[in-house]
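Single-letter residue listing:
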Amino acid sequence: MAEKLKLEVSDEVAIKIQSMNKWFGSFHVLRDIDLTVNRGERIVVCGPSGSGKSTLIRCINALEEHQTGQIIVDGTELTSDIKNIDRIRSEVGMCFQHFNLFPHLSILENCTLAPIWVRKIPKKEAEETAMHFLEKVKIPEQAEKYPGQLSGGQQQRVAIARSLCMRPRIMLFDEPTSALDPEMIKEVLDTMIELAEDGMTMICVTHEMGFARQVANRVIFMDDGQIVEQNEPEQFFNNPQSDRTKLFLSQILGH
Amino acid sequence: MSENNSFVRKEMISERIPPAADRGLLKWVRENLFSSAFNTIMTFISLWVIYSITIAVTPWFLNGVWDAKTVRECYDLLDGKSGACFAVLKERFPQLIYGFKYPSSEYWRPNIATVLLIVALAPILFRRLPRQLLIFTAVYPFLAFWLIWGGSILTSVSAFLGCAIAVICYRRFSSRSFAIAVLISLIAANVWWIIGGYIVDLNASFLSLKVVASRDMGGFMLNLLLGTIAVCLSIPLGIALALGRQSGMPIIKWICVVFIEFIRGVPLITLLFVANVILAFFFPPDTSIDLILRVLIMMTFFNAAYIAEVVRGGLAALSKGQYEAADSIGLDYTQSMRFIILPQALKISIPGIVNVSVGMLKDTTLVSIISMFDLVGMIRGPILSSTDWNGVYWELFGAAAAIFFVVCFSVSKYSQWLERQLETGKR
Ligand SMILES: Nc1ncnc2c1ncn2[C@@H]1O[C@H](COP(=O)(O)OP(=O)(O)OP(=O)(O)O)[C@@H](O)[C@H]1O
Ligand SMILES: [Mg+2]
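Sequence order for the protein chains is Z and Y.
Per our numbering: the first sequence = residues 1 to 255.
Per our numbering: the second sequence = residues 1001 to 1427.
The reader is advised that the hints may include incorrect statements.
[Stated by the list, open to error] Taking lysine-lysine and the DSBU-like style, the derived pairs with C-alpha atoms no more than 35 Å apart in a straight line are: (1) Y/K1320 / Z/K138; (2) Y/K1362 / Y/K1210; (3) Y/K1320 / Z/K136; (4) Y/K1253 / Z/K120.
If you're looking for bench data, these hints aren't it; they were derived computationally from the structure.
This structure is a prediction, so every number in the text was calculated from the model and none was measured.
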């Protein structure tokens, strides 16, 4: 096991969620969520399937609308105001389980589109930034190819680079490695670890417990739409308090 | 066991060609024509059918008479042999192409307009061409109007400037609000058109071509005119309807749904009759809206409704992840549609759009039913009913079919080429 990252966490609040609730029709997916994330924190969210992990982080960049409570991202409250939402989305990067690259655009175009049109950065400069981040995720030589020509791990790294090109202050990951083969998981996790070392604020839904131990400064366990337990990784894994957490951990670590 | 299984190759085997029966033409014939008893029987039946048709039709073609003044002269020349009377195509060529009222001294105008049409379409059809050509594409509709309908060029210039003003106003204000920008540009354009109208009236003879009224248009020119304009207008309208149908705003959504479902539920013929007689009621009594314009509106609506459904299929085929990814990198609605959603949805929709549009192109012949003299209208009307060419059905309708086939087949070949161009590798 690699050594635990020791990184500073500032006092500045990046995300503040207060008694937030969400329903899908009459189904209560998220119940009274309270969560404060400081700048520089690396948070891993885990929990059984259907517990609302994806829904929670999708609420943070308004891919899902919450019904009651408050979500404040970077000092701006998420309301139904489109202008606010678009602004927050350009500050918050997101990586999906299935990458969701744009198949009709080359890798470089995938990375420069939003900077050019949302940030209004000149094309030349946007391309330089894109190459910089593609180098960071170690695939600059693929810039001219199309997503369909890359392996899953490479695609996910492009997806990370695409988000980084917007220079986000917060990154959200929704099971970024669960659609990948084992040997590709490592390359994506390494990229994410580097990102953490650079001090990025991250919320990551994942079942990679090694990653959680090494990178996270807090692990959150969700079940039935609520936060059941949260703790530092050491405490969380070695000394879980709730029975649900114990059961969950025994299931994923047990075999 | 182990000594039997151990083996080391001393010499590598060099490449050899496959046996004769598995090569080239022979292989193809065997696999495709004679692979089973049933297949073999079908092959012989087909060969026999092709042979009989060829035997029957070839002399008809070869004996064809190209020079005659009337159908009787034709039969005299054929002298009892079986043969076609292609002379009608030669003698009535201008009528088939331009109709019977378009002044023959002005044929050069539609000719030039057609050649320029190709130039104007080229940058849209072929992405490799320099983008500056699009400027000509923008000017073309106004130029073509002047060429085909005639009158002073100022009318076209004024119309063009009005549109240009609208676009400039829209660009200027679109960052504030879509609705305000549209409103301002509409007002500005209309104000200009009123002013422009006076200026045009004062100089009505400036660079003026002989005026040709809409009812004098005919022949294949009319088909091409109706088809091209209807298809070009209905693609953007269809896309807008498809997006509107997906819209989160209930009013817009329902307007689009009702429009699409209504138009799709009514036969085109009915719409054309409506255009012919009823639509005039909807316009102020003293304005007489041109019949071609009315027909165009109906054809555009009709085609747009179908295209909207095709595009909706394309939109539905995209994964939700594409919309979410576009949202998550901060693109707004217009940007995500323009750069992410529509390019992919339209690519999926190409076969459907082309299918519908080729259908529209052919359906332009339906206008012959509301007494417009398009290619088929000319044949059914003035040509076949004239005493000179009574009863020359095969040659005339065959020629019409051939003309439409060439156009429609080219369109479909182009669309297949385009699909291959847009291929960027499957996942
Ligand atoms: N758009 C939707 N409409 C209705 N119900 C939904 C929708 N999206 C998710 N749900 C339901 O909400 C619950 C939480 O879903 P969510 O995707 O957040 O779970 P998850 O914890 O991410 O699970 P997994 O580990 O399988 O990804 C699930 O029961 C799911 O069926
Ligand atoms: Mg999930």
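Checked hints:
Annotation: proposed proximity of Y/K1320 to Z/K138 holds, straight-line Cα distance about 28 Å (limit 35 Å). Among the hinted pairs, Y/K1362 with Y/K1210 is consistent with the structure: their alpha-carbon atoms are about 30 Å apart, no more than 35 Å. For a cut-off of 35 Å, the pair hint linking Y/K1320 to Z/K136 stands: about 29 Å separates their Cα positions. Proximity of Y/K1253 to Z/K120 is assessed by CA-CA distance (about 32 Å); at most 35 Å being required, the pair is judged to hold.
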